[in-house]
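Which chain is which? The protein sequence lines are A and B, in order. The first sequence begins at 1 in the UniProt record's numbering and counts up by one. The second sequence begins at 1 in the UniProt record's numbering and counts up by one.
None of these hints come from the bench; they were simulated from the model. Errors might be hidden in some of the hints.
What the hints assert, rightly or not - Residues on chain A that point at chain B, a partial pick, calculated with CB under 7 Å:
no. : residue
1   : Leu79
2   : Ala83
3   : Arg85
Claimed, not checked - If we take Cβ atoms under 7 Å as the criterion, some of the chain A residues that face chain B in the derived model are:
no. : residue
4   : Asp5
5   : Leu7
6   : Asp21
7   : Gly23
8   : Ala73
9   : Ser80
10  : Gln82
The beta-carbon is built from N, C-alpha and C at its ideal position, and this holds for glycine as well.
Number of protein chains: 2
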Amino acid sequence: MSALDVLADPTRRRIVELLADGGELNATAIAGRFASSRPAISQHLGVLVGGGVLTVRRAGTQRIYRLEPASLAEAGDWLSTQAQRWTRVLDALETALDEDTP
Amino acid sequence: MSALDVLADPTRRRIVELLADGGELNATAIAGRFASSRPAISQHLGVLVGGGVLTVRRAGTQRIYRLEPASLAEAGDWLSTQAQRWTRVLDALETALDEDTP
DNA sequence: CCCGTTCGTAAGTAAATACTTACGCTTACC
DNA sequence: GGTAAGCGTAAGTATTTACTTACGAACGGG
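Kindly produce the complete structure, drawing on both the sequences and the hints.
Take a look at the structure:
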């Protein structure tokens, strides 16, 4: 559920889209896609890793980031669960109304 | 996608859970479930409505809030789309590796 | 063994955010 | 019309957040 906190920032969402599309990327490659400074992106990457959305792997001097789809799925499950719970309540409410007005 | 911005706050997520579970509630009923002041919850409700997550309806002096499941579904779709895109890239990468090492 | 690349961290700052108390506007009811 | 209930808004404040520049550590290549 912490993925929802982490994905509040639009820059971090763009990083996720980048990695979902292009596969693995190192820090400078990611930072190159943004107008912000490299340290700014580095901090975002740290937040994303902390939230379990990304994982890092070292390769020489590089740090290679990749997506952790399980965390996205977890957040998505929470959203769909809430939506389903509500529609279930709504259905029950409507059938109750139908019974009241036969 | 704006739902992800809005759902970053844990209090707002609790409000969503509340409405998903209990159906429609008015402002004071929602505020009663939290330790924060009523104006604080009122502001959160405004943010949720602004983000399309909730809708309001007036009934006398009361404002009755209900969930808008479409917005949650939209955010959930974005999450699952990213996860799927990444797993597709991953699969393509693995099959490419298999072809390289026959 | 030095040097360039890669990258995170430190320190500082401006802006956004979540909260508080105080106030005012509706609507309902007698 | 007066009064109470319900609720949003204003104003102010403390904390968080996202950014910047400056610096330092780790690895690889000549």
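Hint check results:
no.	hint	verdict
1	Leu79	4 Å, holds
2	Ala83	4 Å, holds
3	Arg85	4 Å, holds
4	Asp5	5 Å, holds
5	Leu7	5 Å, holds
6	Asp21	6 Å, holds
7	Gly23	5 Å, holds
8	Ala73	5 Å, holds
9	Ser80	5 Å, holds
10	Gln82	4 Å, holds
The structure shown violates none of the earlier numbered hints.
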